[in-house]
Amino acid sequence: MAQKKNPILMIILIFFLIEISLVFFSKGFNKEMQLGFDKGKFVFRNIESEYNLQHKITEEFQIDEYYKQSGEEPSIYGSNHLYNFFKKVFGQNSAMGTFQLLRMLLLVDILLLFLAILIKKRLLERPSQPQILFEVTYSALEQFVIETLGKEKVNYTPYIVTLFIFIWISNMIGMVPIPGFIEPTRNLNVPLGLGVFAVAIVHITAIKVKGFWGHLKNYVNPVKNPLFLLDIIGEFSKVVSISFRLFGNILGGAIIILVVSSLVSYVVFPVGLTLFFGVFVGTIQAFVFTMLALTYIGVEITE
Amino acid sequence: MELTLAQGIVKAAALLGAGMCMGMGALGPGVGEGFVAGKACEGIARSPENASLITRTMLVGQAVSESTGIYSLVIALLLIFST
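Heads up: the protein sequence lines correspond to chains A and B, in order. The first sequence begins at 59 in the working numbering and counts up by one. The second sequence begins at 38 in the working numbering and counts up by one.
The shape of chain A in the complex, shown without the other chains (with noise of 0.2 Å):
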């Protein structure tokens, strides 16, 4: 098995030094050298583009302002009437923000459906390597879930597990070399609509626990607890942080990828970056969300 990978491995190899060469001749942002087909031909192509970092990051993270300010048409990487109708939904100025947006989060809920639709027809009794995969990461996070809530309120699991394995998707499909595929989370609304959810989940369960009214006299009692409105505040900025964190880590971490990736002329550093800032943060992420979640609820629960 490992003999016949190596030739492909070598002819990988081989167009990597190539490509690094050419990167270290090519002079600056604004040119530089490219292997690749034209028009049916090998070449070596030196290409001198108009573009410079400013307009790589308004392309990356502000998509409306760059095709306004450039006036191209932009590239819609699917249904041309589907982009006709957000046009008109939400006008020209966010059209393209949204409509990215949204494609990527219909891929990641079908990618989700998917893997569920698969993992469910094909469960055996012996396991099989992908199975195997999924109940590890069930188990383990319903281990936590008894930890922090106690055993009768197992039936938390499945909302922790979706939540971690969604955001844990929406994550990692930012790595996907392809034009148009963005983190969903790189956009605020996804992260804060996460938040409103996780914490109306909460207050949900501790109307559940101990009555509405049970629930209210903990906030609005002036005599045992003279700053309650503070409290109320606290609630809302419960969701902030939670989202924020995700957002800007999300964010944050596709800025310095961009950003330090060009200055390389992208040069094996890319590589680097893109393991510690997709994998292992969008992991950690992923987990102090689920963790925040857990911990918000649990709370309630046991005072």
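No wet-lab data here; the hints were simulated from the structure. Backbone N, C-alpha and C fix where the C-beta goes; we use that ideal spot for every residue, glycine too. Each hint should be verified, as a subset may be incorrect.
What the hints assert, rightly or not - Take a look, some chain B residues computed to stay more than 12 Å from chain A by CB distance: (1) A51; (2) G60; (3) A88; (4) L96; (5) L114; (6) S119.
Said to hold, decoys possible - Quick look at which bits of chain A chain B covers, simulated, 3 or more residues with Cβ under 8 Å: (7) 141–155; (8) 293–305.
Fit chain B to the supplied structure of chain A, relying on the hints for placement.
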């Protein structure tokens, strides 16, 4: 894109503010995360059998204490891109 003098001054002040915000905002999380990592090292040295639990708790704690730095990053990005 042509800027008038007043717009130029506002832009320069926003960029300066973004740099200062990021620099000062990185101080606290840096000190805090280093402190947490040092304490975790002590804990692992004292009881190596709990290493995985300590590492997990350390990572979650660091990610939580990092959030103030992330807020300053968000404000710096707002200053850079929205003025």
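These are the hints, each one checked on the structure:
1. A51: Holds, because the least Cβ-Cβ distance between B/A51 and chain A comes to about 15 Å, which exceeds 12 Å.
2. G60: B/G60 clear of chain A: closest Cβ-Cβ about 15 Å, beyond 12 Å.
3. A88: B/A88 clear of chain A: closest Cβ-Cβ about 17 Å, beyond 12 Å.
4. L96: 6 Å, violated
5. L114: The claim breaks: B/L114 does not keep its Cβ more than 12 Å from every Cβ of chain A (closest is about 7 Å).
6. S119: 10 Å, violated
7. 141–155: This one is violated; 0 residues, fewer than the three required, reach chain B with a Cβ under 8 Å.
8. 293–305: holds (count 4)
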